[in-house]
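**Student:** As a plain string of letters, each chain reads:
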Amino acid sequence: MEEKSSEEPFEPVQSKNTTFDAQKPVTGQTKMQAAWSAESDEDGSAQIATKGQGQIFEQVYQPWSGELSPRWMRNWTILRHHILGIFKKGHRPWNLTTKLFILVVMIASMTDIAMVVLFGVLGDTYFYELWGVNRNNLYGHVLGFFPRNILYYPVLAALLVGGMISEDRTHGTSALYFSRPVNRFDYASMKFLSVALILLLVINGTLILYYMADILVKGRGWAWIIDTLPMFLGAFLGGVILSFTYTSIGLSLSSISRGKFFPAIGLIAILMGTKSVAAIIDNLFDNSILYVISPFDSVCHVVQELLGIEPTYSHPWAWSLVSIAIVNILALYLLANRVSSMEVTRE
Amino acid sequence: MDRDLIIQSTALTKMYGTHTALDSLDIKIEQGATGLLGPNGAGKSTFLKTILGLIQVTSGEGTVLGHDIRTEGEKIRQRIGYMPEYDALNPNMEAIYQVKYCGELIGMNPHVAMQRAHQALEYVGLGEQRYREVSTFSTGMKQATKLACALIHDPELIIADEPSNGLDATSRDFMLNTLNLTVQTGQRSVLMASHLMEDVEKICDNIVLLHKGKLAAQGKIEDLKAIDKEVEIHVWGAASKMEEELKQSGLKVRREGRIMRVGHTGDETYSKILKSAAKVGSQVRKMHDYEASLEDLFLVIMERLGHDVKSSDELLEGL
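Protein chains in written order, with my numbering: chain A, 1 to 347; chain X, 1001 to 1319.
Derived from the structure by calculation, the hints contain no laboratory data.
Watch out, some of these pointers could steer you wrong.
A partial selection of chain X residues facing chain A, derived with a Cβ cut-off under 10 Å [said to hold, decoys possible]:
id, residue
1, Leu1048
2, Tyr1082
3, Ile1106
4, Gly1125
Listed next, the in silico DSS-like pairs over lysine-lysine satisfying Cα-Cα at most 27 Å (straight line) [to be verified]:
id, chain 1, residue 1, chain 2, residue 2
5, X, Lys1212, X, Lys1202
6, X, Lys1286, A, Lys260
7, X, Lys1247, X, Lys1229
8, X, Lys1220, X, Lys1028
9, A, Lys89, X, Lys1286
10, A, Lys88, X, Lys1142
11, X, Lys1252, X, Lys1279
12, X, Lys1220, X, Lys1247
13, X, Lys1202, X, Lys1247
The beta carbon of each residue, even a glycine, is placed where N, CA and C say it ideally should be.
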C-alpha cells in the first residue's frame, strides 16, 4: 500500500476480493457478497470493505496560513450578511414574512410611479398633475401618513429591527462577534446601517425611481431638473432622517429585549401612540405643541420647512428639529449602553 | 517574551466597584493544553474576558501570544479561536454558512472562508451534516459546530469554555479527542475552562487553578499531584497498632479497615512504614504509591486553602 499523503483527509477504502465457488455453502452473507459483484453463476468476487482496512472518516488537522483582511472588510461582512440575507441563502436568515413585506411595500411605494407612467403615456394633464413630481407629491412619497407611514414604513421598520440585536442575546450569537476582532461600535453601527439601508432602499429607492420616471415619461429637460432638484433633495433628506429615526428607536428597543415581538410592537406603539395623543390634544385645544413628542410628526414638520410646504403645525419648526435630535440621541445612548453590556462569556 | 509562553500576566487585577474579581494574578501558561479550573465565582470568566482583551484591567499587565491585553485586544482575538460555553449559533442558519460567517468576521476572504468551513466541519465530524440547519442539531453537533467556528482560521490558541458541557459519553469522547488531536498533531495550544476534572486530566498537561479571584495553583498536573502523594498499604494483623505507630513516627495516615494511605514525605516513607510494621508485628502484604486524581488534587488544594489562598509554591512547600 502506498504511504498516505498528509494532505489527503481520507484514506481510500481498502477492499479484499473473496472468491466463491459452487461448492461453498450458501449463506445470507455469501449471497449478499456475491450479489455485489457476481462474475458468473459458478463463482463471483465481492468487494468487501472491512472495518479494519477501510475508513470513511479520518480526522486530519489541516493548517491554514492565509492573510486576514482589515477592519473595514470585517464591517462590510456584517453589513453584507444582513442585507444579502433578504435576497439569498447563506446570509442572515430573514423570515419569509419580512421578505414578502419588503416586496409588498416596495411595490406599494411605487404606485405613484405607475400613475405617472400611466397618465404620462395617456397624456391626461389633469391626472398627471395630480400624480406628477411637485413639492407635495415628493413630500407625500416619503412622509404621507396614510398609507405609507401607518401601514408601510413603521411596520417594515418594526419587522426589520425586531430581532436585529435581541436575537443575538437570545441565541448567544453576540459571542461570535465579540470573541472576534469586532468591536462594539462596529457591531452596533453595522447593524444600524443594515436596517437603515434596507429602509432607504424602499423609501428613497422608490423616490429616485419616481423622480426618474417623471423625467423619462415627460422627457424633462435640464431647466426642469434644476428647478425640481432642490425639492427632490429635500424629500431625499427627509427619507434619510425618517429612516435614521425609525432605525435608532427600533434598534434601541431591540437592544433592551430578548425577543422580536417587544421591539417591533414597541416601535409601532411609540410612533402611533405619540401621534395619537398629540392629535387628540391638537383637536381638543387647537394646539400643535404636543406633536414634538411624536418622532414622525417632528420629521414631517422639519421636512415641510425644507420643501417649502405650508406647515400643518403651529409651533416653530426648530422645536421639532430639536425633538428629532433629542429622540435620536436618547435612542442611540440606550443602544450604545445596552450593546456595551452584551457579554461574550455568558448572559 | 519567553518563546514558550502563550499567556502571561503580572499582578493582574480586575475590580468591579469594591469587588475584586481578579486579585493580583501572576500567571504563566505554556504552549500545549492547559486546564483552567476553579469553583463558581473563582474568576474564570473574568480571566477569559481579560485575556480576550474585552475588559480593561484595573491594574497589572499581561500578554497573549505576545500582544498586550490592555491595548491589543483586536490583534489577540484575531489570533485565537474562542469556543463559548453556551449556545452561540443562529439556529436558522446552515452549519456551513454559520462557520463561514465566523471566518469572515475574523477577516477571511469569503471564498477562502467557505473552503475552510468545509475543512473545519469535516474535521469536527460534521462533514455529512454541514448543510443542515443548526436548529436540527443535537447538543454534541452544536458543540462541534462551535469548535469548527473557533478553528476555521487555524488559530494558535483555542480557548474552549466547558467544551464537553451537556454532551453524552460518545460525543464527549469525540470532543476531547478532537481537542487532543488539535494539540498533538495540529501543534496548537488549548486553554480549556472546565469543571470536569476528568476531561481536563485527559487533555491537559498543565492547570491553572483559581479561587476567589486569586491564583491557587498552576503548573504541570504531575508536579501538582505531589501535593497529595500517598503510599497505600494493605496490612494484615495489628492494624490499629500499626496506625498508631505510623502516626507516632510523624506520618499522616488515613485508614479504612486494613487499607491505609500514608502521606508521602520522601523516600524514607517506605522504610518508616516497614520499620513500624516490624515493630508492631504487622504484615504489609501490599504497598504501592497511590495516584491521586485531579479531582482529589482539587479537593486537597481547596481544603488547604480554606479562606486564605496561598501560592502554588507555598502549597508545594513542606512536602
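**Student:** Please go over all the hints and tell whether each is borne out by the structure.
**Tutor:** Verification of the supplied hints:
1. At about 6 Å, the closest approach between the beta carbon of Leu1048 (chain X) and any beta carbon in chain A falls short of 10 Å, and the interface hint on this residue holds.
2. Contact between Tyr1082 (chain X) and chain A, as hinted, is supported at the beta carbon level, the nearest pair being about 4 Å apart and thus within 10 Å.
3. Against a cut-off of 10 Å between C-beta atoms, the interface hint on Ile1106 (chain X) holds, since the closest Cβ of chain A lies about 5 Å away.
4. For Gly1125 (chain X), the interface hint holds, since its Cβ comes within 10 Å of a Cβ in chain A; the closest pair sits about 7 Å apart.
5. Distance restraint check for Lys1212 (chain X) and Lys1202 (chain X): the Cα-Cα separation of roughly 25 Å lies within the 27 Å cut-off, and the hinted pair is therefore satisfied.
6. For the proposed pair Lys1286 (chain X) and Lys260 (chain A), the alpha carbon gap of about 67 Å is over 27 Å, so the pair is violated.
7. Between the alpha carbons of Lys1247 (chain X) and Lys1229 (chain X) the distance comes to roughly 17 Å, so the proposed pair stays at or under 27 Å and holds.
8. For the hint linking Lys1220 (chain X) to Lys1028 (chain X), the alpha-carbon distance of about 11 Å falls within 27 Å, and the restraint holds.
9. For the suggested pair Lys89 (chain A) and Lys1286 (chain X), the alpha carbons sit about 68 Å apart, so the restraint of at most 27 Å is broken.
10. Using a Cα cut-off of 27 Å, the hinted pair Lys88 (chain A) and Lys1142 (chain X) holds, with the two alpha carbons roughly 24 Å apart.
11. At most 27 Å may separate the alpha-carbon atoms for a hinted pair to count; Lys1252 (chain X) and Lys1279 (chain X) meet this at roughly 18 Å.
12. Distance restraint check for Lys1220 (chain X) and Lys1247 (chain X): the Cα-Cα separation of roughly 30 Å exceeds the 27 Å cut-off, and the hinted pair is therefore not satisfied.
13. With a CA separation close to 35 Å, the supplied pair Lys1202 (chain X) and Lys1247 (chain X) exceeds the 27 Å bound.
In this structure, the hints that do not hold are numbers 6, 9, 12, 13, in rising order.
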